[in-house]
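Engineer: This is what each chain is made of:
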Amino acid sequence: MAGEKPSSGTGFAMTPPGGSPGGARPVSGDEAPNGRGSGQEGEQEQESNEPEALGDGDLVDLEVERAASDVDEVLDRLDKELVGLAPIKTRIREIASLLLIDRLRRRYELGSSRPSLHMCFTGSPGTGKTTVALRMAELLHKLGYLRRNTLVSVTRDDLVGQYIGHTAPKTREVLKRSMGGVLFIDEAYYLYRVENERDYGQETIEMLLQVMENDREDLVVILAGYKDRMDTFFQSNPGMSSRIAHHLDFPDYTAEELMEIGRMMLLEQDYVLSPEAEQALYDYLKRRMAQPRFSNARSVRNALERARLRQADRLVSSGTKQLGKGDLMRIEAEDIRRSRVFDDDSPAEIPESEDDQKVADGDEKAEHEPAGELAGEKATEARSTDEQVGGQGDGKAPEEAADSPEGQARSA
Amino acid sequence: MHVTQGTFSYLPELSDEEIKAQIQYAIDNGWAIAIEFTDDPHPRNTYWEMWGLPMFEISDAAGALHEVNRCREAFPNNYVRVSAYDARLHRQTTALAFLVNRPAEEPGFRVERQEKADRQIRYTLHPYAADKPHGERYAKN
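Protein chains in written order, with the working numbering: chain A, 1 to 412; chain B, 1 to 141.
None of these hints come from the bench; they were simulated from the model.
Keep in mind the model is a prediction, meaning the values are calculated, not measured.
Glycine is no exception: its CB is placed at the ideal position from the N, C-alpha and C atoms.
Misleading hints may appear alongside valid ones.
What the hints assert, rightly or not - Beta-carbon label-pair distances, calculated as ranges:
#1 A:Tyr-163 - B:Glu-73: 49 to 59 Å
#2 A:Asp-79 - B:Arg-70: 57 to 67 Å
#3 B:Gly-52 - A:Val-194: 41 to 51 Å
#4 B:Arg-88 - A:Glu-256: 46 to 56 Å
#5 A:Asp-157 - B:Glu-73: 21 to 31 Å
#6 A:Glu-206 - B:Phe-56: 23 to 33 Å
#7 B:Gly-52 - A:Arg-193: 19 to 29 Å
I would like the entire structure built from these sequences, with the hints used as guidance.
Structural biologist: This is the structure:
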């Protein structure tokens, strides 16, 4: 940034006493290199024809306007990189169109109040809520709705304090950081604890409400969480619900969409599935989807992580001395079919013994899981002897299995 | 008497928009914004009180301006300044500081002469406001 000092050599643009918009010089000096006016001010500085008010009879070329904002590029990328999610994409397209039209309306000096774009994303685990939120920041920035392409992602811990008087500064700190961009609150329902009337979360909610109402031009708040819990959350906080204009529900993926996602994930890591493995993965997904605690794309990711482990193990233990590039890249059917999901006698219900709480912790678990599995497979043998010693027999088995990785099934 | 301190001190008061633009300039340079206030207008008073912690992590000036306004609201009759600290190695100093609030009435300073040996005179400045105890210097806070 240092190179983009405004023309006055000192670095501090001496603003003319009149206090005209010229006082914004340092800002626009920064924006220019981005190539995109992120605010009206920036546009005025760069393209002198842009803000020209149009007469009643004038016509604008929609195509030119579209091209001027890189919206299409962002939307296309959204289409390409995110599988499925049709209703979400439709809504995002609508928002993009509205903002574009609003820009045109402004040029005719027609009233265009700033739309409220606070959003709530609900859906099962692993349906892409966070990914879409990230895209939202970029999209709204490109459309000139937000000044900055920043997304601050927080959870209850970042907002709610430990003792009286701790919450407000903490929340304010987060709000300050996210100003100008998107504030993404994951697992937002945790902010409100039904069981505790005096929970400090309430304070955070009140501050959020106030900011969502008063600082609409500085901040877009996106809440995310599982559908049922968010519904409960909104029931207890009707004010929150009504201040959010867009309630988007992320649908579960179909097996075909999950396959597509799986292929994209592998492609990113330079792996390929052999044709048989494709079929195996499809079968795996079909089975896995029927099991509890299935978390869509996240489960696919975990399954593929495990397949990679098995592939590595297969290669190492196969005894072959010579390996080609293809061998290292290819995942075979057996790498997938060795999953316990294919054991018909596998106690698929076991994960249910865990309570819902665990579902919410899915993210964390998902990360630990692959490693755990490796250890777990080894541990299985050791454990079988332990159990006999302990004499707990069947009673203990389910618990153990749940701890073990391949407990798997719970990619949560 | 109009106290002039810091950058822009001979310009008319900055508007909110202008303050925001300056803060944004500082943020874009990677400087940390801090807000300070005091009721001791002596030019050599370097120890102002801090309004919250310096803002190291913000990316947009709106948040900082919000804090400026909260500080002005809480201390309408104090001097409030925004300072930007450049933490880069070899600089590590305040890069920019300007007043964003001042008391409605500023009584100014008197010159005090102290007589030393051999009829020498030592001069010093004394703000009239400092005659009163801290907290009562400028009307009501």
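Engineer: Each hint needs a verdict: does it hold in this structure or not?
Structural biologist: Evaluation of the provided hints:
no. : hint                             : verdict
1   : A:Tyr-163 - B:Glu-73: 49 to 59 Å : violated (25 Å)
2   : A:Asp-79 - B:Arg-70: 57 to 67 Å  : violated (43 Å)
3   : B:Gly-52 - A:Val-194: 41 to 51 Å : violated (33 Å)
4   : B:Arg-88 - A:Glu-256: 46 to 56 Å : holds (53 Å)
5   : A:Asp-157 - B:Glu-73: 21 to 31 Å : holds (30 Å)
6   : A:Glu-206 - B:Phe-56: 23 to 33 Å : holds (26 Å)
7   : B:Gly-52 - A:Arg-193: 19 to 29 Å : holds (28 Å)
Checked against the numbered hints above, the structure breaks hints 1, 2 and 3 and satisfies the rest.
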